[in-house]
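Enquirer: So you can see what is in the structure, the chains are spelled out below.
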Amino acid sequence: MRIPILKLHNYLLISIQIDLDDQTAIQFQEDLLSKIHESGSTGVVIDLTSVDIIDSFIAKVLGDVVSMSDLMGAKVVLTGIQPAVAMTLIDLGIHLQDVPTALDLEQGLIKLRQELEE
Amino acid sequence: MDFQSCVNIKKEWDIVGARQLGRDIAKKIGFGTVDQARIATAISELARNIYLYAGTGKVCFEAIEDINERGLRIVAMDEGPGIRDVSQVMEDGFSTSGGLGAGLPGVKRLMDDFDVISRQGEGTEVRVVKWLR
Chain A
1 MRIPILKLHN YLLISIQIDL DDQTAIQFQE DLLSKIHESG STGVVIDLTS
51 VDIIDSFIAK VLGDVVSMSD LMGAKVVLTG IQPAVAMTLI DLGIHLQDVP
101 TALDLEQGLI KLRQELEE
Chain B
1 MDFQSCVNIK KEWDIVGARQ LGRDIAKKIG FGTVDQARIA TAISELARNI
51 YLYAGTGKVC FEAIEDINER GLRIVAMDEG PGIRDVSQVM EDGFSTSGGL
101 GAGLPGVKRL MDDFDVISRQ GEGTEVRVVK WLR
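Going down the list, the protein sequences come from chains A and B.
Using full-length UniProt numbering, you'd call the opening residue of the first sequence number 1 and step up by one each time.
Using full-length UniProt numbering, you'd call the opening residue of the second sequence number 1 and step up by one each time.
Looking at chain A on its own, in the form it has when it is part of the complex (with noise of 0.2 Å):
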């Protein structure tokens, strides 16, 4: 399965809504940094407004995704994470420290704007 990834105006924008798998996980990972370097998008926002469930391999995948981005010159904000998203993951011990978030999809576009200004 692949995930969609949508382009508008200089950003990117993906909504994951299904239940990741690894494997899933890693091509979207590779999709999305081939899909940065062919568009030459300066941000990205992942929603995860429909993800109920994120574990360590999962949490793995899309902290890495942010630093790769990163490193290729694109902020990545990851939006919509949900309360008992939040808490697994705190609870699992991991603190996505230096991963920037937004409460949603909107919220996560305004950080970006004020990002790429700077």
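Since the hints were made in silico from the structure, they are not lab data.
One or more of the hints may lead you astray.
What the hints assert, rightly or not - Listed below are several chain B residues computed to face chain A (Cβ distance under 8 Å; list not exhaustive):
1) K10
2) W13
3) I15
4) V16
5) Q20
6) T33
7) A37
8) R38
9) A40
10) T41
11) S44
12) R48
13) P105
14) G106
15) D112
16) D113
Quick reminder that beta carbons are idealized off the backbone N, C-alpha and C, glycines included.
Go by the hints and put chain B onto chain A.
Expert: Frame of chain A, contents of chain B only:
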């Protein structure tokens, strides 16, 4: 042992299958969204441990119902190489896989009861329970 149901872990996709079934059972027992997420995540970690370290194994679910308490017991078992030093893997941050899993301490925090029995060369069994409050 009379288990309600088991999922065999043989391939990576079985990790998703196990956590989806576990979540469905947790929902039927009456757990709320947060505990459903905790249970599903714990199953994901346990199933991934089986897949990574033992190759194959199974995850079984059992609804616990007695007069005072209700809950869900999850047993993850494999016939893999076993854990050499159980106290070591229970330390936060210990990993032999380069940090792929948050490991057993994370699972312990997600659940209420936690037991691990491991014999080198014979396999590992992790038994966890979440109680309905």
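Enquirer: Take the hints in turn and mark each one as holding or not.
Expert: Hints, verified against the model:
no., hint, result
1, K10, "violated, 14 Å"
2, W13, "holds, 6 Å"
3, I15, "holds, 7 Å"
4, V16, "holds, 5 Å"
5, Q20, "holds, 7 Å"
6, T33, "holds, 5 Å"
7, A37, "holds, 4 Å"
8, R38, "holds, 5 Å"
9, A40, "holds, 5 Å"
10, T41, "holds, 5 Å"
11, S44, "holds, 4 Å"
12, R48, "holds, 6 Å"
13, P105, "holds, 7 Å"
14, G106, "holds, 4 Å"
15, D112, "violated, 12 Å"
16, D113, "violated, 15 Å"
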